Amino acid sequence: MNSFVERIDHINIVVKDLDEVKDFFLSLGFTQEDESRLEGDWISETVGLKDVAARYVKLTLPGDRVSVELLQFDHPPITEISSPGLANTQGYRHVAFRVNDIVQTVSFLKQRGINPLSPIQEYAKLSKKLVYFRGPEGILLELAQYPENG
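If you read the sequence shown in my numbering, its first letter stands for residue 1415, the second for the next number, and so on.
Read the hints as simulated data drawn from the structure, not as lab findings. It cannot be assumed that every hint is accurate.
[Unchecked claim] Straight-line C-alpha distance at most 35 Å; calculated DSBU-like pairs for lysine-lysine: (1) K1524 <-> K1542; (2) K1430 <-> K1543; (3) K1542 <-> K1464; (4) K1542 <-> K1472; (5) K1524 <-> K1539; (6) K1524 <-> K1543; (7) K1464 <-> K1430; (8) K1543 <-> K1464; (9) K1524 <-> K1464.
No experiment lies behind these values; they were computed from the predicted model shown.
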């Protein structure tokens, strides 16, 4: 069987305040790889919207090839959602970050006023510790810690 897909390239998140969300990801250890203004026919045709003007930031973690791309649309204006959605809402729901020390990471987030949705849980089958939280603009995120060889 042929595999046309090599790997996941990036996760795109449309935001209202690019600087606030970018700073949040940078505080978690991401580094900024690119920042650009996106305008012109090529981007309008790519996304299927007229007269697109947007700010773009590409963020990566050291040693990881999957990036997080943040987009702030100036035109057309962003379509806001009325609620950030629950974990069982159809469509994109969350991004999960693998961490070495989930307790330390949760403590770091709490110091910045970002509280988990629950205490740290364990998925016993994989010995995986996990917790959900909401980042800036209600973005649903997960922390996941696996056993050392997991």
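Next item on the list: Go through the numbered hints given earlier and state which of them the structure violates, listing their numbers in rising order.
Entry: Of the numbered hints, 3, 8, 9 do not hold.
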